[in-house]
Amino acid sequence: MTIDVSTPVYEGPFDLLLHLILKEQVDIYEVDLSRIVDAYLGEMDRIQALDLDVATEFLLIAATLVELKTRRLLPGTADDDLDEEFAMWEERDLLLARLIECKTFKDVAQVFSRLADDADLSFPRTVGPDERFSSLMPDLLEGTSLRRFQSAAIRALTPRPEPTVDLFHVNPIRFTVAEAVAELCDELPRIGHISFRRLTADLAERLEVIVQFLAVLELFKQGLVEIDQTERFGDIDILWTGGADVDPSSVLVDAYEG
Amino acid sequence: MTDEMHDKVDDQVDDQIAEFKRAIEAVILVAHDPVPPDLLAQLIEQPIVLVEQWCEELRDEYAAQRRGFELRRVAGGFRYQTHHDQTPYVERFVLHDQKARLSGAALETLAIIAYKQPISRAQVASIRGVDPDGVIRTLQARGYIDEVARDHGPGQAVLFGTTALFLEKLGIDTVDDLPPIAEFIPSADIVEALEHGLRVSPVDEAPSFGSFSPEGDREPGH
Amino acid sequence: MTDEMHDKVDDQVDDQIAEFKRAIEAVILVAHDPVPPDLLAQLIEQPIVLVEQWCEELRDEYAAQRRGFELRRVAGGFRYQTHHDQTPYVERFVLHDQKARLSGAALETLAIIAYKQPISRAQVASIRGVDPDGVIRTLQARGYIDEVARDHGPGQAVLFGTTALFLEKLGIDTVDDLPPIAEFIPSADIVEALEHGLRVSPVDEAPSFGSFSPEGDREPGH
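These protein sequences, in sequence, are chains A, B and C. Residues 1 to 258, numbered by our numbering, are exactly what the first sequence covers, in order. Residues 1001 to 1222, numbered by our numbering, are exactly what the second sequence covers, in order. Residues 2001 to 2222, numbered by our numbering, are exactly what the third sequence covers, in order.
These are computed hints drawn from the structure, not numbers from a lab. A virtual CB, placed ideally from N, CA and C, is assigned to each residue, including glycine. Do not rely on the hints blindly, as some may be mistaken.
Only part of the chain A face toward chain B is listed, based on derived beta-carbon distances under 7 angstroms [said to hold, decoys possible]: (1) Gly12; (2) Pro13; (3) Phe14; (4) Arg92; (5) Leu96; (6) Leu99; (7) Ile100; (8) Pro124; (9) Arg155; (10) Pro189; (11) Arg190; (12) Ser195; (13) Phe196.
For reference, chain A alone in the conformation it holds in the complex (with noise of 0.2 angstroms):
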């Protein structure tokens, strides 16, 4: 299996769709079916080899879409068949509703992520009682099931992903060292310490790693962290001193874009 990096991350059709169409959102009366439904295919036609369920999904949403534009194109047409008219409303309704799921669900996603990202940041107690007290354990193996083993055989076995911190939330496509720079004033104080590693592990392209690094060099330019690196070409230690409410607009960035 081969990972194609230059592909953005899309959740799936609705994950797309909201994006295209909340990223026009600025002025809603400008917001045009005929870009929207060709940005959709346009990133079907870059998302190609999918596996056939995902491709089917996107596809059964590309010809609601498609739909849609014909009927606007045509006004006159719905007179024609109410019955059609209504189907279409229907569907376009389902669509709506489904979208609108799909985005409820992505808002309470980043809610755990706070409440992990929060929970993360203490560790339980689970050393359990001395030895003196091992001559009144139970056998501890006793009713453990071949399943409950087997189990945790997979659950060690399976190779562990190197940790991340997800920035899945923000959009998909992220260039610019100023986004970055918002990003990390929203994310850093929070968390208030991390690795760049860490920072960086989710980003797919070498671009974006490059922006993330230089957002963070501007930050440190600006007294917001502090920057520590233990040894040559290690990781690098990243401390958010800014405070609690720092103000990304007032973090000016040199234009670096381009």
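For chain A, the structure is supplied; the task is to place chains B and C on it using the hints.
Only chains B and C this time, still in chain A's reference frame:
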């Protein structure tokens, strides 16, 4: 009864309470998992309400004394854990035990399962628009979700729910502590933007009917 | 320097010492084995003599506050343990604890040893990502594993394997009777891909893992 006798009785009661609190401290210290208040109550033979109150008093004492650890109620029980501002030291100590962070896909799937449990794989798929099999397996392997029941319908689909480990991962006591799903339903302007994006009618025509109302019966979650 | 300045400096020093003591508390709380003072000294970057003094101060604080636990120096290090006069409650808890089975970590370590035996401590560590010393000692003390051989390589590392008692407890005759696991373990790149969502483009190979197949022989509910 004289005042002095009163005081004496009070002192004895205080001493006894102090002893119960010491027992609670000892038991929670040796436990592998959060200790439910009812188990503590059973062990020291005192009412649960009192046990819960004493646990809270202990928690407050450690906080007031600025201990490096805290007593927290997590996943239905009390446990000792390190204070969050000691993370850098503890992380350095348990260097290899880096906590795995969850990916966006995993978190979204967890969110759906947490609010809609018990829920089948197919239901998750229909909400996410993608096959969740891989993510579900990962979540199950990590112990955050588990098969909790079987659907009564034909096919008897496996139904998933969240586990105690999930509660621990999020640092909450029960799923009831999660914010109500209604808080997350997209705001009117986002719904409007989506609606506009998917407008059926031609541009010059107002989308008068057939519009979707977010407050309607289609609300996601409960 | 005025007295007032003196006081201010003193306060700052006191605050710093309090912070170091909090760090010591946090680290010892999560440690499975007694923590040697030199390790603590290294972690908080302070002289050993001071660290030892602070540990003793903590010990005295807990004693003065009549906590149910104490900080004890055992086997060259510091650890928390229950106060001896709380032993009856702890014993009751240990006997009572219906969840007294191998902890998740211990069970996983045992599983690694069972499926990969003979295996060295270092190999277990590299799979688990954590130092398995304490757990291995527990498993060995329980008689589930034992030293079965020595590595031929340099250093002649001890190799561990499971015992007859282990087989007996699991109700199987030989380790060959252990349920198969290989088919359930995805490869590293697939795990990575699943964790990170759909940035995967399976070019020519259909992903067998993650396909939406009906339940089949997959694990039924627990």
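Holds or violated: A:Ser195 as interface residue toward chain B, Cβ cutoff 7 angstroms?
10 angstroms, violated
Hint check: 7 angstroms Cβ-Cβ cutoff, A:Arg92 to chain B
A:Arg92 check passes; min Cβ-Cβ to chain B is 5 angstroms, inside 7 angstroms.
Next item in the hint list is A:Ile100. Is there a CB on chain B closer than 7 angstroms to its CB?
Holds - the Cβ of A:Ile100 comes within 7 angstroms of chain B, reaching about 6 angstroms at its closest.
Holds or violated: A:Pro124 as interface residue toward chain B, Cβ cutoff 7 angstroms?
5 angstroms, holds
Can the hint on A:Leu96 be confirmed by a CB-to-CB distance to chain B that is less than 7 angstroms?
Check passed: Cβ of A:Leu96 comes within 5 angstroms of chain B, closer than 7 angstroms.
Hint check: 7 angstroms Cβ-Cβ cutoff, A:Pro13 to chain B:
5 angstroms, holds
Interface hint status, A:Arg190 versus chain B (Cβ within 7 angstroms):
Violated: closest Cβ of chain B sits about 11 angstroms from A:Arg190, beyond 7 angstroms.
Can the hint on A:Arg155 be confirmed by a CB-to-CB distance to chain B that is less than 7 angstroms?
Since the shortest Cβ distance to chain B is 5 angstroms, the answer is holds.
Proposed interface contact between A:Pro189 and chain B, which counts if any beta carbon pair is under 7 angstroms
14 angstroms, violated
Evaluation of the interface hint that places A:Gly12 against chain B, nearest CB under 7 angstroms
At 4 angstroms from the nearest chain B Cβ, A:Gly12 passes the 7 angstroms test, so the hint holds.
If you take the shortest Cβ to Cβ gap from A:Phe196 to chain B, is it below 7 angstroms?
Nearest chain B Cβ about 15 angstroms off; hint violated.
Could you check if A:Phe14 really has its C-beta closer than 7 angstroms to a C-beta on chain B?
With Cβ-Cβ at 4 angstroms, under 7 angstroms, it holds.
Violation of the numbered hints given earlier is confined to hints 10, 11, 12 and 13; the remaining hints are satisfied by the structure.
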